[in-house]
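Residue numbers (the numbering used here), protein chains in the order written: chain A, 1 to 191; chain B, 1 to 195.
A hint or two may mislead.
Unchecked claim - Under the rule of at most 35 Å between Cα atoms (straight-line distance), these lysine-lysine pairs were calculated in the DSBU-like manner:
| hint | chain 1 | residue 1 | chain 2 | residue 2 |
| --- | --- | --- | --- | --- |
| 1 | B | Lys187 | A | Lys166 |
| 2 | A | Lys108 | B | Lys148 |
| 3 | B | Lys187 | B | Lys147 |
| 4 | B | Lys147 | A | Lys166 |
In short, the hints are calculated from the structure, not lab data. Note that the structure is predicted; figures quoted are calculated from it, not measured.
Each chain is listed here by its residues.
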Amino acid sequence: MIILELLWSFIQIGLFSFGGGYAALPLIQEQVVSLHGWLTMSEFADVVTISQMTPGPIAINAASFIGTRMAGLPGAVAATLGCVFPSIVIVLTLAWVYFRYRNLSLIKGMLEGLRPAVVALIASAGLSILLLALFGSDSLPTSMRGVSWMAVALFAIGFIVIRRFKVSQILVIIGSGGIGLALHLLGIPIN
Amino acid sequence: MQHHPDDIPTRTILWLLFRSTFKLSAFTFGGGYVIVPLMRKLFVETYRWLDEQEMLDLIAIGQAAPGVIAVNTSIILGYKMRGLPGALITLLGTISPPLIILSVISLVYTSLIGNPLVEALFAGMRVGVSIVILDAVVSMARNVIKKKSAIAIGLMIVSFLLVTVFDVGVIIIIVACAAVGLLLQLKRHDSGATK
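Build the full structure now, drawing on both the sequences and the hints.
The structure is reproduced here in structure tokens:
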């Protein structure tokens, strides 16, 4: 049943995303795109995009978007509650441990070990979105055929701009969208 | 104007908790690293319900737990103020705005996608979002490399290859690396104890 599947998928996402920010990205991709096929890779990339432009954390945004898509409001509620359920249990348990022993050093050690892995996992999810944006497919390309050179140029320029000038993320996303739209209107589409 | 939280009637404080977490969640862009400092300002400076040290403790717990940091922090804040009902009300306040906004967007998106102009816009924005994510990845990877720990750099490279080239599951990698981190910490504890 779809509601229970949503609930269980997002429980796993909530349980295994450590470190906040983009940490949930690879987990959402795995559950929603690879395992269940609820979204295509480009829909997933669009959810991430929308998430960057609206308030709210990526995991909750994705849960609400995908839940609504699959099963309307009950789906959205189920996916969102699944996503936060592990938090309730673990946060309250940790609080109990912390105020009893004043010590979270084991967990801090664990997070220390996790940090490099989380960076690697986010890099991998980011790479899939990049490949999709440049090649229109998220698997590793076997040849340069099918590459959109316009998208490559836009990416290269945008990357330099964001690293050099610390432009806001929303501006980069909206700017890229605007350029995509303008190029389309000029008859040189990037996708 | 500021009262000790125990002197405020439960109903009033639950309402205040809901209202403040709802507002923060509805208007804060940029996730946990932006919203947590705003929560600190509200609870420590505006309402004076918590002192600085208590707040730091609660933030540490929120960041140590898995899941969304803004959600974790609001749960622990609510719990600290009024037990389980407090935790549930702050949770509700934090998740309602994105739940409402993204449900609406989901409906709109489904009806708009397929339109060539919208497709072109999203094709461009996908490039933009790859830029934003890779920018974050470069900064995060630099922080890992800066610490000059061979183990950390090794974990990062091996994890990347396993998930990208060999299609190993994300959860397996997370559990394995958490175990490595835990073992290293236990070892550190032991050597610290014998010295």
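Hint check results:
1. B:Lys187 - A:Lys166: Distance of about 40 Å is beyond 35 Å: violated.
2. A:Lys108 - B:Lys148: Distance ~19 Å between A:Lys108 and B:Lys148 Cα, so the pair holds.
3. B:Lys187 - B:Lys147: Status holds; Cα separation ~19 Å.
4. B:Lys147 - A:Lys166: holds, 24 Å
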